[in-house]
Amino acid sequence: MDIRVQAGAFDMGAELNSFAAAQSGAGAVVSFTGITRDLAEGGLERMEIEHYPGMTERALAEIAAEAEARWQLAGSLILHRYGPLTPSDPIMMVATAARHRGDAFAAAEYLMDYLKSRAPFWKKEITQAGAEWVQAKEADEDALSRWSDPDERGS
Amino acid sequence: MDIRVQAGAFDMGAELNSFAAAQSGAGAVVSFTGITRDLAEGGLERMEIEHYPGMTERALAEIAAEAEARWQLAGSLILHRYGPLTPSDPIMMVATAARHRGDAFAAAEYLMDYLKSRAPFWKKEITQAGAEWVQAKEADEDALSRWSDPDERGS
Amino acid sequence: MIELRYFAWLRERVGTGHERIETDARTVAELMSELAARDEGYALAFSDPSTIRAAVDQELADLDAPIEGAREVAFFPPMTGG
Amino acid sequence: MIELRYFAWLRERVGTGHERIETDARTVAELMSELAARDEGYALAFSDPSTIRAAVDQELADLDAPIEGAREVAFFPPMTGG
Numbered sequence: 196m197d198i199r200v201q202a203g204a205f206d207m208g209a210e211l212n213s214f215a216a217a218q219s220g221a222g223a224v225v226s227f228t229g230i231t232r233d234l235a236e237g238g239l240e241r242m243e244i245e246h247y248p249g250m251t252e253r254a255l256a257e258i259a260a261e262a263e264a265r266w267q268l269a270g271s272l273i274l275h276r277y278g279p280l281t282p283s284d285p286i287m288m289v290a291t292a293a294r295h296r297g298d299a300f301a302a303a304e305y306l307m308d309y310l311k312s313r314a315p316f317w318k319k320e321i322t323q324a325g326a327e328w329v330q331a332k333e334a335d336e337d338a339l340s341r342w343s344d345p346d347e348r349g350s
Numbered sequence: 196m197d198i199r200v201q202a203g204a205f206d207m208g209a210e211l212n213s214f215a216a217a218q219s220g221a222g223a224v225v226s227f228t229g230i231t232r233d234l235a236e237g238g239l240e241r242m243e244i245e246h247y248p249g250m251t252e253r254a255l256a257e258i259a260a261e262a263e264a265r266w267q268l269a270g271s272l273i274l275h276r277y278g279p280l281t282p283s284d285p286i287m288m289v290a291t292a293a294r295h296r297g298d299a300f301a302a303a304e305y306l307m308d309y310l311k312s313r314a315p316f317w318k319k320e321i322t323q324a325g326a327e328w329v330q331a332k333e334a335d336e337d338a339l340s341r342w343s344d345p346d347e348r349g350s
Numbered sequence: 196m197i198e199l200r201y202f203a204w205l206r207e208r209v210g211t212g213h214e215r216i217e218t219d220a221r222t223v224a225e226l227m228s229e230l231a232a233r234d235e236g237y238a239l240a241f242s243d244p245s246t247i248r249a250a251v252d253q254e255l256a257d258l259d260a261p262i263e264g265a266r267e268v269a270f271f272p273p274m275t276g277g
Numbered sequence: 196m197i198e199l200r201y202f203a204w205l206r207e208r209v210g211t212g213h214e215r216i217e218t219d220a221r222t223v224a225e226l227m228s229e230l231a232a233r234d235e236g237y238a239l240a241f242s243d244p245s246t247i248r249a250a251v252d253q254e255l256a257d258l259d260a261p262i263e264g265a266r267e268v269a270f271f272p273p274m275t276g277g
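Line by line, the protein sequences give chains E, L, Z and Y.
Heads up: the first sequence at position 55 corresponds to 250 in the numbering used here, and the numbers run straight through without jumps.
Heads up: the second sequence at position 25 corresponds to 220 in the numbering used here, and the numbers run straight through without jumps.
Heads up: the third sequence at position 65 corresponds to 260 in the numbering used here, and the numbers run straight through without jumps.
Heads up: the fourth sequence at position 49 corresponds to 244 in the numbering used here, and the numbers run straight through without jumps.
No wet-lab data here; the hints were simulated from the structure.
Beta carbons: idealized from backbone N, C-alpha and C, even for Gly.
Any given hint could be a false lead.
Said to hold, decoys possible - If you anchor each label on the Cβ, the simulated ranges turn out as follows:
#1 Y:G212 - E:Q267: 26 to 32 Å
#2 L:G203 - Z:S228: 39 to 45 Å
#3 Z:S228 - L:Q330: 21 to 27 Å
#4 Y:H213 - L:D337: 49 to 55 Å
#5 Y:R233 - E:E236: 36 to 42 Å
#6 Y:P244 - L:L339: 44 to 50 Å
#7 E:R341 - L:G238: 39 to 45 Å
#8 L:S213 - Z:T218: 56 to 62 Å
#9 L:A204 - Y:E214: 55 to 61 Å
#10 E:D284 - Z:E263: 25 to 31 Å
What the hints assert, rightly or not - Taking lysine to aspartate or glutamate and the EDC-like style, the derived pairs with C-alpha atoms no more than 20 Å apart in a straight line are:
#11 L:K319 - L:D284
#12 E:K332 - Y:D243
#13 L:K332 - Z:D243
Claimed, not checked - Residues of chain E clear of chain Y, computed beta-carbon distances all greater than 12 Å:
#14 A209
#15 S219
#16 F227
#17 G229
#18 E236
#19 H246
#20 G249
#21 H275
#22 S283
#23 D284
#24 R294
#25 P315
#26 T322
#27 R341
#28 S343
Same shape as in the complex, but just chain E (with noise of 0.2 Å):
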């Protein structure tokens, strides 16, 4: 596993391409990249992105490590950045790598999920208006609901 959480930025095909060429014997590989979209009413300038430094890396190892527990992996990997991001900006990626390609899908979505709700990371959204904090969504803790039936593996 490579669990990743910066102030730089990356260039996501590049860590696609060097994630991929480090597993062997996967013949399905899975990405995930977030990206910083403008909002609804347009203007956003700027993201902040917040986080608590050794909890952050601490949360992201257990969340690999339960999915590699979980499916059968070849790898996977947690990229995430912090600090102020301009629009259009990636702002996260995961991939996993297996023999299987279920399992990969399975495996990044439930990156994804526990990612967003169990890791410390806040966004702020500034806009010529001023700052806000990106609120929480029901839905991403309701995501969470799925993967906890062992036997319910997002098939």
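Got chain E sorted already, so can you dock chains L, Z and Y onto it with the hints?
Below, chains L, Z and Y alone, put in the same frame as chain E:
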């Protein structure tokens, strides 16, 4: 939608970057890449992919159109090679972009499930012992059933 | 005249990727029976219809699909792309 | 002595990201009540416990989790990463 069927190799990272750059307002980008993997018993020297020119492009366009009808997508990509491939070559990739990650994940899985069983590609594995056509898996056909209920969107 | 196309091991067993024929067959299944009766290669290729998929004018078709007016009928094993 | 950490709007409301305090609180909830009684900023920050998450020694913890022996307790709103 971007559909490409080609003999030449492709760079999955470069494809992911240009796909993501073309999606405006999509916060979520999912990719799947299928990579030639060695056989369980080892010794894969080459893979050959045969396809049905004309029908292939048609089938892929139909599958992508159905995905774009079922989910709120900003865009989709299907890229599939044919001809001789060496082990560890990427065979194909799909990518989806959406405002919400659930749509991007579900649509990517849908594209893969249908592509596997409904797009006219056939794989042949060449080892020192000879050449053998890959057999379709019942599991791949079964995977389609989860999409038949319009309320069941892979959530 | 109808264009026939064969792919993967079906192509290898019948010995060609395509041919043009005249036929009185009205359905995919009737066409398969007609072809199977031709020679050993065809008989082997079409010996187990459950392992064969067909397309009429480049759309997947059931065995009882009509082929009247079709320009092209293709036979192949279940797909294995992805 | 215990290290307290605040994040996002909780940090902004209390006016600092961390501080070290002495406390007799035995649980996260008791600590929250103690902090809320301090001044207006803290009272506002802790006015609705349902909007607050806590971590004890960098592990998510329930409000009734004990804090005895903990080195660090953190308070923050629900996470919004990804």
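Outcome of the hint check:
In this structure the hint that Y:G212 and E:Q267 lie 26 to 32 Å apart at CB is violated, the actual value being about 41 Å. A beta carbon spacing of about 41 Å between L:G203 and Z:S228 agrees with the range 39 to 45 Å that was offered as a hint. Under the hint 21 to 27 Å, the C-beta atoms of Z:S228 and L:Q330, about 25 Å apart, fit the expected range. Here the CB-CB span from Y:H213 to L:D337 is close to 54 Å, well matched to the stated 49 to 55 Å.
In this structure, Y:R233 and E:E236 meet the distance hint of 36 to 42 Å, their C-beta atoms being roughly 37 Å apart. At roughly 48 Å, the beta carbons of Y:P244 and L:L339 sit within the given window of 44 to 50 Å. At roughly 40 Å, the beta carbons of E:R341 and L:G238 sit within the given window of 39 to 45 Å. Between L:S213 and Z:T218 the C-beta distance comes to about 47 Å, which lies outside the given range of 56 to 62 Å.
One distance hint, 55 to 61 Å for the beta-carbon pair L:A204 and Y:E214, holds here, with the actual separation near 57 Å. With their beta carbons about 58 Å apart, E:D284 and Z:E263 fall outside the hinted range of 25 to 31 Å. At most 20 Å may separate the alpha-carbon atoms for a hinted pair to count; L:K319 and L:D284 meet this at roughly 15 Å. For the given pair, E:K332 sits about 17 Å from Y:D243 by alpha-carbon distance, which is consistent with the 20 Å threshold.
For the given pair, L:K332 sits about 17 Å from Z:D243 by alpha-carbon distance, which is consistent with the 20 Å threshold. With 12 Å as the threshold on Cβ separation, the claim that E:A209 sits away from chain Y holds: the shortest Cβ distance comes to roughly 21 Å. At the 12 Å boundary, the C-beta of E:S219 stays outside the reach of chain Y, the nearest C-beta of that chain being 29 Å off. For E:F227, the shortest C-beta to C-beta distance to chain Y comes to about 9 Å, within the 12 Å cut-off, and the non-interface label is violated.
Here E:G229 does not stay apart from chain Y, with its beta-carbon only about 6 Å from theirs, under the 12 Å limit. Under the 12 Å C-beta cut-off, the non-interface status given to E:E236 relative to chain Y holds; the minimum distance is some 19 Å. For E:H246, the condition that its CB be more than 12 Å from all CB atoms of chain Y is violated, with the nearest at approximately 8 Å. For E:G249, the non-interface assignment is contradicted: its Cβ lies about 6 Å from the closest Cβ of chain Y, within the 12 Å cut-off.
In this structure E:H275 is not separated from chain Y by more than 12 Å, as the shortest Cβ-Cβ distance comes to only about 6 Å. At roughly 17 Å, the least C-beta separation between E:S283 and chain Y is larger than 12 Å, which holds for a residue marked as non-interface. Against the 12 Å criterion, E:D284 stays outside the reach of chain Y, whose nearest CB is about 14 Å from its own CB. Residue placement check: E:R294 keeps its beta carbon more than 12 Å from all beta carbons of chain Y (closest about 26 Å).
For E:P315, the requirement that its beta carbon stay farther than 12 Å from each beta carbon of chain Y is not met, with the minimum near 6 Å. Non-interface status of E:T322 relative to chain Y is upheld: no Cβ of that chain comes within 12 Å, the nearest being about 16 Å off. Chain Y leaves E:R341 outside its interface by the beta-carbon criterion, the shortest separation being 16 Å against a cut-off of 12 Å. Annotated as non-interface, E:S343 keeps its C-beta farther than 12 Å from every C-beta of chain Y; the closest such distance is 16 Å.
Hint compliance for this structure: hints 1, 8, 10, 16, 17, 19, 20, 21 and 25 are not met, and every other hint is.
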